[in-house]
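*Asks:* For reference, the chains in residue letters:
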Amino acid sequence: MKIEFKHQQSAHCENGVISNLMRHHGFNISEPLAFGIGSGLFFCYVPFVKVNHAPAVTYRALPGVIFKRFAKRVGIKIKREKFKDPKLAKARLDENLNNNNPVGLQVGVYNLVYFPDDYRFHFNAHNLVVYGKEDSNYLISDPVMETVTTLTDKELEKVRFAKGAFAPKGQIYYPIDFPEKLKIESAIVKGIKHTCKDMLAPMPLIGVKGIRYTAKLIKKWPKTKGVKLANHYLGQIVRMQEEIGTGGGGFRYIYGAFLQEASSILKNPRLEVLSKEITEIGDLWRDFALEASRIYKNRSAQVDAYVKVATQLEHIADREEEFFKKLKKAI
Amino acid sequence: MKKEEVPQDKSNLQSTSQKELCYAVGEDGKYVTELSSGWDPKTIALNNAIEEIQSRISIAKERVLNKQTSPIEFYMECHKMDVSILASYVGLWQWRVKRHFKPKVFKMLSNSMLQRYADVFEISLEELKDITLYKTPDLKNNTPDEN
Numbered sequence: 001m002k003i004e005f006k007h008q009q010s011a012h013c014e015n016g017v018i019s020n021l022m023r024h025h026g027f028n029i030s031e032p033l034a035f036g037i038g039s040g041l042f043f044c045y046v047p048f049v050k051v052n053h054a055p056a057v058t059y060r061a062l063p064g065v066i067f068k069r070f071a072k073r074v075g076i077k078i079k080r081e082k083f084k085d086p087k088l089a090k091a092r093l094d095e096n097l098n099n100n101n102p103v104g105l106q107v108g109v110y111n112l113v114y115f116p117d118d119y120r121f122h123f124n125a126h127n128l129v130v131y132g133k134e135d136s137n138y139l140i141s142d143p144v145m146e147t148v149t150t151l152t153d154k155e156l157e158k159v160r161f162a163k164g165a166f167a168p169k170g171q172i173y174y175p176i177d178f179p180e181k182l183k184i185e186s187a188i189v190k191g192i193k194h195t196c197k198d199m200l201a202p203m204p205l206i207g208v209k210g211i212r213y214t215a216k217l218i219k220k221w222p223k224t225k226g227v228k229l230a231n232h233y234l235g236q237i238v239r240m241q242e243e244i245g246t247g248g249g250g251f252r253y254i255y256g257a258f259l260q261e262a263s264s265i266l267k268n269p270r271l272e273v274l275s276k277e278i279t280e281i282g283d284l285w286r287d288f289a290l291e292a293s294r295i296y297k298n299r300s301a302q303v304d305a306y307v308k309v310a311t312q313l314e315h316i317a318d319r320e321e322e323f324f325k326k327l328k329k330a331i
Numbered sequence: 001m002k003k004e005e006v007p008q009d010k011s012n013l014q015s016t017s018q019k020e021l022c023y024a025v026g027e028d029g030k031y032v033t034e035l036s037s038g039w040d041p042k043t044i045a046l047n048n049a050i051e052e053i054q055s056r057i058s059i060a061k062e063r064v065l066n067k068q069t070s071p072i073e074f075y076m077e078c079h080k081m082d083v084s085i086l087a088s089y090v091g092l093w094q095w096r097v098k099r100h101f102k103p104k105v106f107k108m109l110s111n112s113m114l115q116r117y118a119d120v121f122e123i124s125l126e127e128l129k130d131i132t133l134y135k136t137p138d139l140k141n142n143t144p145d146e147n
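Protein chains in written order, with this note's numbering: chain E, 1 to 331; chain X, 1 to 147.
Bound conformation, chain E alone (with noise of 0.2 Å):
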C-alpha cells in the first residue's frame, strides 16, 4: 500500500518532515518557516557527549524540540510514541500506514543503508518520513535525499532501534488534529523570541558565550592535546557543523530565507534587513570552515594558524551577538 505522498528534498532532516508532513495536511509550510517558528537555531558545545571520539558541537536543537515547538506555535497537535518491543514499533507503523497516514521517524544513521558508506556514523538523531508499504519494503522519504527511497522490514528496524546516545527507542510521530487556521503569525514572533534568548543565554556552553567558550578551546588544543588530536577536534567541528546537519554556514541561511518570509508575513521591513545580515554571517561561519579544513589538511598545528581560526570564531561570535539583539528588537 502506498500513500500519495509528495517528497521534497530540504536542507535539514527534522525541518523536512515537519515541512513534508504539514504540506500532506494541506498547509502550505517551507522548509524555513518550520525552523524558525521551531527555533531550531541554536549552538551549544557539550562536552561530555564524544561523537567519533571528539566533543561534540550542536549548531541545533535537540532532536524532536523544533517539531513540538512549531506544533505548539502554531496550534496543531503531535502524537509521539517510544517503544521497547520493536513487534509493537512495527505493528503500530503498520497500522498507521493502513490508515493512510504518513509518519515520521527518528532514526539512527549508521544502517541507513541508501547513504554513502563514508556518511554513516553512529549518529541517532536523524528523521524520515515513511509513507507506504510494498511486500516487506517499505517507502521512505528521507527528506536529505533528492528522490524517495526504500528500506526492508529488517534495515528499517535497525535505524529504529539504534543504540547510544539519542537512541530513537523507535520512535513515531505525526500531526493529529489541526487547527481551521494556523497562529503563523503569532508563532513566528514567538519562535523568533525564543531563538534569541537561546543566542543570549547567560550561560558558558551556550548561544553566543558558547562559540566565544569555543574559540578559547581551540587556542588551547595544539599545546593541551598535540599536533593529532588538535586536527582531529577541529576537523570535527567542521564535520559537526556542515556534514552532520548542516549546522553553522547552512543553518544561517536556512535562518535568512526564515526572516525573508517572515518579513513579508508580519509585513515588518526590519527583518529582511536582518535576513541580509545573517546570509552575511552564514558565509563567515563558511569562511571559518575553509581556513579551519587548511589546517588539518597541512596536518600541521602552528599555533598561529590556531589563533586565526579562533579569532575568526570570536569575530562570529561578536556579529551574532549584535545580531540577535537587533533581533530581539525588532519584534
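Please note that a few of the clues may not be correct.
To be verified - Using C-beta positions, here's what the derived DEER-type ranges look like:
no.	chain 1	residue 1	chain 2	residue 2	range
1	X	Val83	E	Asn99	19 to 29 Å
2	E	Lys197	X	Gln54	36 to 46 Å
3	X	Lys3	E	Asn99	21 to 31 Å
4	E	Ser186	X	Asp119	50 to 60 Å
5	X	Trp95	E	Met203	11 to 21 Å
6	E	His25	X	Gln54	44 to 54 Å
7	X	Leu35	E	Asp287	54 to 64 Å
8	X	Trp95	E	Lys325	43 to 53 Å
9	X	Lys3	E	Val65	22 to 32 Å
The hints are simulated quantities; they were obtained by calculation from the structure and are not laboratory data.
None of these values were measured; they are calculated from a predicted model.
Glycine included, every Cβ here is placed at the ideal spot set by N, Cα and C.
The hints should help you fit chain X onto chain E, whose structure is shown.
*Replies:* Coordinates of chain X only, in the frame set by chain E:
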C-alpha cells in the same frame, strides 16, 4: 552565499550520485534553493575522520595480533563504535565490555556471551575468535588535491 557560489566540488556523495540542497540568495536578493555536489572543506573534514578510523582499526588489529587486546576491540573499531555505543548494543555495562577486551577474560567467555557480540558485529563466532578470517571493510579516501 549567492546562488552561483553554491559549491559544486567533488565529494564522497558521488558514489550515489546524490546532491545536497542548499539555501542561497538569488540575483533579486530573494532566497532560493540550489543543489550542491559537495564542498572541499567538508570533504576534507570527512576524510580526516575516516583516516582517523582507519588508523584506529589498524592499531587495534596489531594489538589483537600481539595479544594485547581481544578481537572485540578490533571489531568495535571496524564498526566505528566506541565503548559506550558497543555497551548499549550488547546490553552490558561499559566496565564489562572493557573487561572483555582483556585476552585472558575473552578466552573464558561463554559462547552465548560471544554470540551477543557476534550478532552486533554481524559475524560468525569463528570470525569473532579469529580476526584473520575477517575482511576489513574498504574505506576509501577522496581528499581533493587542489587548494
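*Asks:* Any hints from earlier that this structure breaks? Give me their numbers in increasing order, please.
*Replies:* The structure breaks hints 1, 3, 5, 7; every other hint is satisfied.
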